[in-house]
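Chemist: First to last, the protein sequences are chains A and B.
Residue numbering for the first sequence follows my numbering, beginning at 1 and increasing consecutively.
Residue numbering for the second sequence follows my numbering, beginning at 1001 and increasing consecutively.
If you're looking for bench data, these hints aren't it; they were derived computationally from the structure.
Just so you know, nobody snuck in bad clues.
If you only want the chain B side, here are some residues facing chain A, beta carbon under 7 Å, derived:
| hint | residue |
| --- | --- |
| 1 | D1049 |
| 2 | P1122 |
| 3 | Q1141 |
Label-pair distances were calculated between CB atoms; the ranges are:
| hint | chain 1 | residue 1 | chain 2 | residue 2 | range |
| --- | --- | --- | --- | --- | --- |
| 4 | A | K285 | B | D1138 | 34 to 40 Å |
| 5 | B | S1108 | A | E453 | 31 to 37 Å |
| 6 | A | P115 | B | D1166 | 44 to 50 Å |
| 7 | B | S1108 | A | W107 | 21 to 27 Å |
Being a predicted model, the structure only gives us computed values, none of them experimental.
Don't be surprised by glycine CBs; every beta carbon is placed ideally from N, CA and C.
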Amino acid sequence: MSEEKLIHKEYDVLVIGAGGTGLRAAIAAAQDKELKIGIISKTLLGKAHTVMAEGGVAGSFGNVNPNDNWKVHFRDTFKGSYWHGNWRLAKILVDEAPERILELERWGAVWDRTPEGKILQRNFGGHAYPRLAHIGDRTGLELIRTLEEHIIHEDNIDLNMETTITKLLVKDNKILGAFGFDRVTGQLIVFKAKTVIMATGGLGKLFTITSNSWEGTGDGYSLAFEAGAELIDMEFIQFHPTGMAYPPNVAGTLVTEGVRGEGAYLKNSEGERFMFNYIPEKFSKDYADTEEEANRWLEGDENARKPPELLTRDVVAAAIRSEVAAGRGSPHGAAWLDIACVRDADYIKKKLPSMYHQMKTLSKLDITKEAFEVAPTAHHAMGGMRYKWDTNETNISGLYAAGEAAGGVHGGNRLGGNALADIIVFGKRAGDAAAIAAKTKSFEDIPQNLIDEAIEVTLAPFKEENTENPYLLHEELRDMMTVEYGFSTEESLTKAKKILEEMKVRASKCGTSGDRAYNPGWDQALSMKHVVQVALLTIESSLMRKESRGGHARGDYLETDTSIQDILYVQKRGPNGEIVVHEEILEPVSEELLKVLAEFKDDGYQYHGKK
Amino acid sequence: MAEYNYNLKMSVQRGSGEDISMVNYEVEVDSKMVVLDALHKIQTDEAPDLSIRWNCKAGKCGSCSAEINGKPKLLCMSKLSDFSETEVMVVKPMHTFPLIKDLVTDVSWNYLVNKKIKPFSPPDNFKDDPKMMQQEVDRVQEFRKCIECFLCQDVCHVLRSHQRFDVFAGPRFMVRLASLEMHPLDTEDRIPEIKNVFGSGLCNITKCCTEVCPESIPITDEAIIPLKERVVDRYYDPLKWIVRKIFG
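Isolated chain A (complex conformation) (with noise of 0.2 Å):
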């Protein structure tokens, strides 16, 4: 192995990912100047799936509904979470999240505003009041662009574009640095590093349907994982009740939330709005059980409820599983979306226009005229990395972790516009603390054995003897954990983890032609064992979690059991590289915030399934 050529390349803080988080990481820990930042991007720098994001990043400003505050934020969000969030977490995101937009508009993010010329703020799904400062549809491009804006005048800031990491190097449960290549030369490299943030994303691309992009295959989970990171709530995927559900090859493509914001409503094959018969009782004193409300709340009147659109996602994509399940789907399986029958044509292109646009395109649909067909779409991973509530610093000494990579802020289900929310707060609480970790540190040396082991995973494919179709592998693996997880019992997920025992040796074996230089199939190859890992990972906690709750719902336990509320299943690796699963309890609430959730007694529903 010694042979191999290698780049050595220093910094004291690494960031491992190029989404929203990793550049708000980058940034916070590049204002001390003394430190080299590096950072890795699977891809361009500004394509990250951050740019997918369109609704809005929640603030509680209160700028259009001024009853709005951190408190209303906050219980909406642990509420959202089922109570299985991480309350610590949680307060974190609703006290910071307002001065980090405001940041952005500092840095040249140009917000949509109110008459007065405030940021505007729109509805969604699971808060009480409009909360989302949003650019249209594309706030998620807003966000990136500007911080891409940013971080090219940050001079040290090293952007490592077009690189894939395949191992972190960890020796005695303290990080290293990491190993990887550069895709356009096809050069290995050797990352040595004070301090890693992992800022890697999601893992939508474990299944055919889903809004995510190219990169989220679930690198990040797996590669720490390997390294000997806790993992928690990864039973927790949230499916995003409208991804389009035509044609077939786009289907899983996001369709705002912002579109039910601003109005529109879902209707069955019947022409029946059905989501006034799927308002659960936890939720009932909040929305609309009548049209002739939902239509007053609408028009701006504050005594109506909202319309049960709104729910939390995880409610109105059961709803819409429930009346395809009953035979009232739209020809393709899906529902109805329809905002042409509650807004004019000038107003949707105005506050929807990439919607109106990738339907234009994608399916030669004009949505300003006819109703649409939309189905779920898996979409974010709850759970994650955990990390100290203090310091976003994992169990291993130096690496931090934020963003959807990491776990505990949304629990069981999480709110729409709170990701964007939380990669720029958690994004920024990581990069501080790591930068002031690393002031403390000194670079030590890589053993030669870890760099050994590191060669040997990331030129695998190339021998002769793994012959493994990659692309076909994850078609098979997709298609399996589309239906097994999403039948989700005792009896279908034990069979996809015997599928996936299988898939992981065939994993193993993957492999590719032609040389190093820009081979999207070495790059395939090697993302299969992640995927792999990451399924297996969600599997097994799906097995531990015997009932339903937000982003995880059995088929064999349809209740939601207060007795296991707070029980969390931490996974760790075993000494063979098996998944080690222990339960650990969440802590309790603060007597302070107990308080404040007391001040919304009049919900159906309480903390520890009160009444």
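Please arrange chain B on chain A, whose structure you already have, making use of the hints.
Modeler: Quick look at chain B alone, frame taken from chain A:
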């Protein structure tokens, strides 16, 4: 719904450096697919190492720019039903940028240009009172729809035919400069650089960039022409020129 299968003949540019050739493939497709789907099929079935840069497959990230039958397009937003079923479809990388391999080009020059643009500079009191009216930011928001696919750079004659990379920033960055110059709260004087560093005068308004923009940004009419006008106002207005000569 009419979905039907047929065999699409594709001729795809492969290779790097001096070793470039057009390779023919026959791909079983259905009419609802996009060109990127057909290329993925080639990757899966025949050529795992076929280099394509792509990411979101929803027209939002601007990664998969290439030239289909000579026209700059996003591969993910080009529906097969808009092309002939019988003629050979020719797919090549963007012509204007250095080739890396197959359909992937080196677009790093764009990032270097972007770095030369001074950041947004709000007034000192912006923090306390960040107010802007919607009508003041409408045009700026239109510019900020750009997904940086660089198709406008690819098609621009100044760059494509004359390789004036050293003196012209290209339509993409004229749009970015316009978004800053027309920002109601930007305090930076950008006109001298728009003229001298970024070369606004070099655009001869053929509007090719506007035609290829997947976001339909009115690049020429709303960004480049107004910037040219501002430059003319500053430097070539005879009255102002005299006033400046006399009063400095």
